[in-house]
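Peer 1: Letter by letter, the chains look like this.
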Amino acid sequence: MRKCRLGSFAAIVAGFTVYFLLNEPGTANAMHIMEGFLPAGWALFWWLAFIPFFALGLVKLTRMTKENPELKLLLGLAGAFTFVLSALKLPSVTGSSSHPTGTGLGAVMLGPLSMSVLGSVVLLFQALLLAHGGLTTLGANAFSMAVAGPFAGYAAYKLVMKLTSRERVAVFTAAAMADLVTYVVTSVQLAIAFPAADGGVWTSFAKFGSIFAVTQIPLAISEGLLTVLLWNWLKSY
Amino acid sequence: MEQAADYMVFEQLGFTYPDTSAPALHCLSVTIPKGCRTAVIGHNGSGKSTLFLHALGILRPQSGRVSWKGKPLEYGKKELVSLRRNVGLVFQDPEQQLIMSTPLDDVSFGLRSLGLEQAVIQQRSQEALERLGLGGFGDKPIHQLSLGQKKRTALAGVMAMEPELILLDEPTAYLDPLSEALLLEGLEAIHGKGTTVVMATHDMDLAYRWADWLIVLSGGQCYASGTPEQVFSDPEVMQSIGLGLPILADLWHSLPQKAIAGMAAPRNVGEMKELLQQFVK
Amino acid sequence: MEQAADYMVFEQLGFTYPDTSAPALHCLSVTIPKGCRTAVIGHNGSGKSTLFLHALGILRPQSGRVSWKGKPLEYGKKELVSLRRNVGLVFQDPEQQLIMSTPLDDVSFGLRSLGLEQAVIQQRSQEALERLGLGGFGDKPIHQLSLGQKKRTALAGVMAMEPELILLDEPTAYLDPLSEALLLEGLEAIHGKGTTVVMATHDMDLAYRWADWLIVLSGGQCYASGTPEQVFSDPEVMQSIGLGLPILADLWHSLPQKAIAGMAAPRNVGEMKELLQQFVK
Amino acid sequence: MIRRIDAISYANGFRQLSPLWKSLFAAVMFILSYLLHPFLQLTICLWIAVWCLLYARIPVRAYVMLLGMALLFYVLSLPALLLEIGHPAAGQAWITFPLPLTSLTVYITAGGVLRGGLLLARLAACLSCLLFVIFTTPFTELLLVLRRLRVPQLVLELMLIMYRFLFLLSDSAHGMLLARRLRGGSRGFRATIREAGSMGGALLGQTMRRYRGLSQGLAARGFTGEIPLPPYSGGPVPLRYRVEGCSGIAVLLLAQLWMSW
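Residue numbers (the numbering used here), protein chains in the order written: chain A, 1 to 237; chain B, 1001 to 1281; chain C, 2001 to 2281; chain D, 3001 to 3261.
Worth flagging that the hints you see were computed from the coordinates, not collected in a lab. The beta carbon of each residue, even a glycine, is placed where N, CA and C say it ideally should be. Take the hints with a grain of salt, since some may be wrong.
Claimed, not checked - Chain A regions said to be covered by chain D (calculated; three or more residues, Cβ under 8 Å):
#, segment
1, 32-46
2, 121-129
3, 149-161
4, 194-202
5, 218-224
Just chain A, with the same shape it has in the complex (with noise of 0.2 Å):
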């Protein structure tokens, strides 16, 4: 139990270590909505579609700690570890918000559900301490980056085991997936709150998929290999 307690720590921790140190300052781009750029319809919106989410894994993770309370020391400190990562990007001129996409790990390792809370508290963070992102479209960052994320790296991870049960190509395909789908629906969220006037949603899904896809599709690439790589490293430990 210990074992695996730790083993999934130090996932999670891995995961999210991959996307930042590889990223050095002024490499990556914003991803998370900053505050006030949704319409509070929408703001509102994103809100009420994470909070069962974030209820359902508060649930789960209760459960968790209940059995073994030691467990939010490991949570508490790979959100501190997380978190940090994130934040040494800063200094950089091009990237006003970095984010922690190594949720896909993270899945894999303790279950979607759970990265629903501890990616979201990391988020929160984030907005209170760095003005990254922000409190009106914590809702919508949520969303996509601790829920819809987490979700597809889970998925990927257990059709690629299904289909070829080579630990590794899952592991990459779970963090790339958890990039690139984190990406694709904040733009969709920013394309439906701001439909182009000339061809709707479908064409400003086109133009804010195009600006963030520079940085973001390369991003998932080198996390999916760097995981990998930190995989390999926490096995030999």
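Given chain A, put chains B, C and D in place with the hints provided.
Peer 2: Okay, now just chains B, C and D, sitting in the frame of chain A:
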């Protein structure tokens, strides 16, 4: 101490960290003499680490200037790279400095960035490890090493780059007597090859027996500098900034003036013992 | 030293950490005397911290046993909670035990779990902070404090629980002389109120001048224990385990036997000075 | 930057004010920022700047820097908001660029610019409210406010532990990046990935050691499963701020009524 004025010189340095009220350095003027073992002593927060960060161009002075071999520091990318090949810094916390997973890999890290050949890298790294008594540990994962071994690995990594000047931030902090002795031995080997060694410390006994030259910092200013005998000649000066005296210097000064007139102050326990044997029959 | 056998006793303790080959403790038998200032000395890795973790029941002995006031330790949840109210541990790294964000909150953390009233908690926390010279820092975030202040905060947190026995792991490691003096002052105050204080350290000079009772660990075994005079009476014993002697004890033993026959060994610099003044005219 | 923001939040003119009152004020302002006319949104922006910079004495540099950094997201999204692709109806487009190899045109419309402008006004107001919270209220006190809002204990405990270790880990990480810079650092994608992998490993090792340390440390202090949070204690709010706050809100509402009439 020859050429002192041409080596590393800090002039009228002033620096305040953002959002703090008190300056970390305040009109600090001091010179690091070439070829010496220099100890920079002072309390935590007296400006020792800030001074080192200035020596490497990591912080830029807000007023005053730093010069290296007679030329003021330049902060262009190229100039900094060349400065940092000549001046090495060993962090207080080896965890921050050790990046790769084994000592050998870590020591060769810096060499690789110099673009040397693999064979040369391998040989120089191995040599550096051996000189610090880590020959057999090259392939051991770093997280299995003791603190003393980690500190020596960090030192080996800096040493392998063969800088002229090595700065060490609190190298003996947390070390037990045995590890401390090993580290000091390693430093002695480096110093013997002509490298100038500077150590920040608040261990007065260590500074007293190790250093040829002392720089005393207090509140971001240079409070005194000179040979250990000079600096500790007036007990009250040191006590006034709360640093206290090394035990040996303290005992020496308590001896009656007329008995010790003309004698050199003992710098280590051995010398003190000899001295006492002359007096106590 | 009365009641020693009934206070905290370790008998034939054996413990090996998982994934290591050498045992951390090996047939260690030692007793902590009540009411004393005890120093546990030894190298890093000699078993000091492991011993302390056993005293609080955080680690369970793999062989042998620990007893507290004549009764063997029990490891049920309730028994451990009550043990840890009576025995406090201050870790070497204060970050390990500070959990809240400000000193005042942190010191009250332990008290709150005792179920005391808010007013009592507030008062006792404030008192503990003041006794350690941290009165004005209660509301400052812990991450802005210096290492010395953090160490004192950790001590205050343990002190506020008013345990009978306080264990400190390397309390002065890496502190500058001023912070060290403040911490020792705080310890003196606690000891003066009747608390038994045990400190693990590898600073021989400190152990020599501070402790009433010494326990020497080496390789997980108790190498010697006794009063400082007893333990350091034979210089070669200590040197054989690489610990060296405190400067004062070293000097004392170097004096000719006939000159010092019948005198008490000086335990601090002041006493040594007086002694020398008798000899050196 | 985190350290700077954090340090300011502990040492500013509003530090002693009740955190609950400050949060409530910010919440009302958030709502107003969404409801009011763009002109009034800009007024909110200025009013809060006065509170932060003049009353709470937040360093101007830090305030402007954080504002600017947050606005980068807006700047980045601007092309997507302004540029339309397709076939502009006659007289609709302000500026047009024909897209080579296609029959499409990239153009900017007056409506698009207006939308971008309105968005900026709302952003500026909301962002000011956020900055007000960030700069004037230390995280520790926000935690107590969240507790009053009945955020579950588990979430609060996680946040507490995160906050406590944030600065330690951040110092470590910064140290490692600095050390890497001092020692040259490698070139090329493969080497970079390898290096990043080991740095990640090293940091991970440290984090795990901290976890083990903390679990021992807390066990020694009698941790039995729950971290009891300190009770909420708020300082008084000077009459002057209460009056200015309430009357400001009233004026804003009246202005809105008058404008929509």
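Peer 1: Decide, hint by hint, whether the structure agrees.
Peer 2: Evaluation of the provided hints:
1. Here the segment 32-46 of chain A counts 7 residues with a CB under 8 Å from a CB of chain D, which clears the bar of 3, and the coverage holds.
2. Interface restraint, the segment 121-129 of chain A with chain D: holds (7 residues with C-beta to C-beta distance below 8 Å; minimum three).
3. Counting residues of the segment 149-161 of chain A whose CB falls under 8 Å from any CB of chain D gives 0; the rule of at least 3 is not met.
4. Interface restraint, the segment 194-202 of chain A with chain D: holds (5 residues with C-beta to C-beta distance below 8 Å; minimum three).
5. For the segment 218-224 of chain A, the stated coverage by chain D is violated: 1 residues have a C-beta nearer than 8 Å to a C-beta of that chain, whereas at least 3 were required.
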